[in-house]
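Enquirer: Here's the letter readout for the chains.
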Amino acid sequence: GAGVSQTPSNKVTEKGKYVELRCDPISGHTALYWYRQSLGQGPEFLIYFQGTGAADDSGLPNDRFFAVRPEGSVSTLKIQRTERGDSAVYLCASSLTGPGALGANVLTFGAGSRLTVL
Amino acid sequence: QQPVQSPQAVILREGEDAVINCSSSKALYSVHWYRQKHGEAPVFLMILLKGGEQKGHEKISASFNEKKQQSSLYLTASQLSYSGTYFCGTDRAGGSYIPTFGRGTSLIVHP
Numbered sequence: 001g002a003g004v005s006q007t008p009s010n011k012v013t014e015k016g017k018y019v020e021l022r023c024d025p026i027s028g029h030t031a032l033y034w035y036r037q038s039l040g041q042g043p044e045f046l047i048y049f050q051g052t053g054a055a056d057d058s059g060l061p062n063d064r065f066f067a068v069r070p071e072g073s074v075s076t077l078k079i080q081r082t083e084r085g086d087s088a089v090y091l092c093a094s095s096l097t098g099p100g101a102l103g104a105n106v107l108t109f110g111a112g113s114r115l116t117v118l
Numbered sequence: 001q002q003p004v005q006s007p008q009a010v011i012l013r014e015g016e017d018a019v020i021n022c023s024s025s026k027a028l029y030s031v032h033w034y035r036q037k038h039g040e041a042p043v044f045l046m047i048l049l050k051g052g053e054q055k056g057h058e059k060i061s062a063s064f065n066e067k068k069q070q071s072s073l074y075l076t077a078s079q080l081s082y083s084g085t086y087f088c089g090t091d092r093a094g095g096s097y098i099p100t101f102g103r104g105t106s107l108i109v110h111p
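Protein sequences, first through last, are from chains A and B.
According to the numbering used here, the first sequence is numbered sequentially starting from 1.
According to the numbering used here, the second sequence is numbered sequentially starting from 1.
Looking at chain A on its own, in the form it has when it is part of the complex:
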């Protein structure tokens, strides 16, 4: 697509529930990133995919968070047993070739999925 698309744009859930957030990157972009942004903070890195594999998942806060990208395009961020502290805007970004390629790592962000855990 023309840009990075994220769904849903807003999600309200109850504590303890399971949530899935979807990201559809720019067509042809091999690298995909998930960040989360709390109010008044900068985006916090969660995970980076190169193709289908998670090349760096060191930002995932705990084992309740998991992400997949089975066909190297669309990615889903999954959060189990949600907690109030998970409330944030979850941003997805993609880039053409990924980090390590000099000058190529320009991230294009989606508009985000705002998650509210009651």
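Hints are computed from structural coordinates only; laboratory data are not their basis.
Quick reminder that beta carbons are idealized off the backbone N, C-alpha and C, glycines included.
Be a bit skeptical, because a hint or two may be false.
[Said to hold, decoys possible] Computed footprint of chain A on chain B, listed as stretches where at least three residues anywhere in the stretch have a Cβ under 8 Å from a Cβ of chain A: (1) 35-48; (2) 101-107.
[Said to hold, decoys possible] Computed spacing ranges between beta-carbons, pair by pair: (3) A:Glu71 to B:Lys67: 27 to 37 Å; (4) A:Thr13 to B:Arg103: 21 to 31 Å; (5) B:Leu49 to A:Glu14: 44 to 54 Å; (6) A:Arg22 to B:Lys67: 40 to 50 Å; (7) B:Gln79 to A:Gln41: 19 to 29 Å.
[Stated by the list, open to error] Anything over 12 Å on all C-beta distances counts as not near chain B; from chain A, calculated: (8) Gly3; (9) Val12; (10) Lys17; (11) Glu44; (12) Thr116.
Take the given structure of chain A and dock chain B to it, following the hints.
Expert: Quick look at chain B alone, frame taken from chain A:
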């Protein structure tokens, strides 16, 4: 470890200049600058890959001093459209080029 940005907020009149600073406690391979307007996605401004390099985007330019582990963003003759929150992003790990972002600097430009 996230970079430190200063100042936290800047209020300007149209046509005035501003400087936003970004410093890191570890060696830098790259510095990214993004601007985010309220309720919108961050938008890429520029990436700096070499020490001392300056790049420009409209009337916005930036410098990168590897030795001092710092970058500065210069906004010249600011326009109303420059309002937003500016984030610098520094390498998560040496040479990874995946940005770890600072807390941001809020820039408000008044007519």
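Enquirer: Work down the list of hints and note, for each, if the structure agrees.
Expert: Against the structure, the hints come out as follows:
1. 35-48: holds (count 6)
2. 101-107: Coverage by chain A holds here, the residue count being 4 at a Cβ distance below 8 Å.
3. A:Glu71 to B:Lys67: 27 to 37 Å: Given a distance of about 44 Å, which is not inside 27 to 37 Å, the answer is violated.
4. A:Thr13 to B:Arg103: 21 to 31 Å: 27 Å Cβ-Cβ, so the 21 to 31 Å window holds.
5. B:Leu49 to A:Glu14: 44 to 54 Å: For A:Glu14 against B:Leu49, whose Cβ atoms are near 46 Å apart, the range 44 to 54 Å holds.
6. A:Arg22 to B:Lys67: 40 to 50 Å: holds, 43 Å
7. B:Gln79 to A:Gln41: 19 to 29 Å: Holds - the Cβ-Cβ distance for B:Gln79 and A:Gln41, about 26 Å, lies within 19 to 29 Å.
8. Gly3: Label violated. Min Cβ-Cβ 9 Å, cutoff 12 Å.
9. Val12: About 17 Å separates A:Val12 from the closest Cβ of chain B, which puts it past 12 Å; holds.
10. Lys17: Its Cβ never comes within 12 Å of chain B, the nearest being 25 Å, so this holds.
11. Glu44: Violated, since 7 Å does not exceed 12 Å.
12. Thr116: holds, 15 Å
Hints 3, 8, 11 from the earlier list are contradicted by this structure; the remaining hints agree with it.
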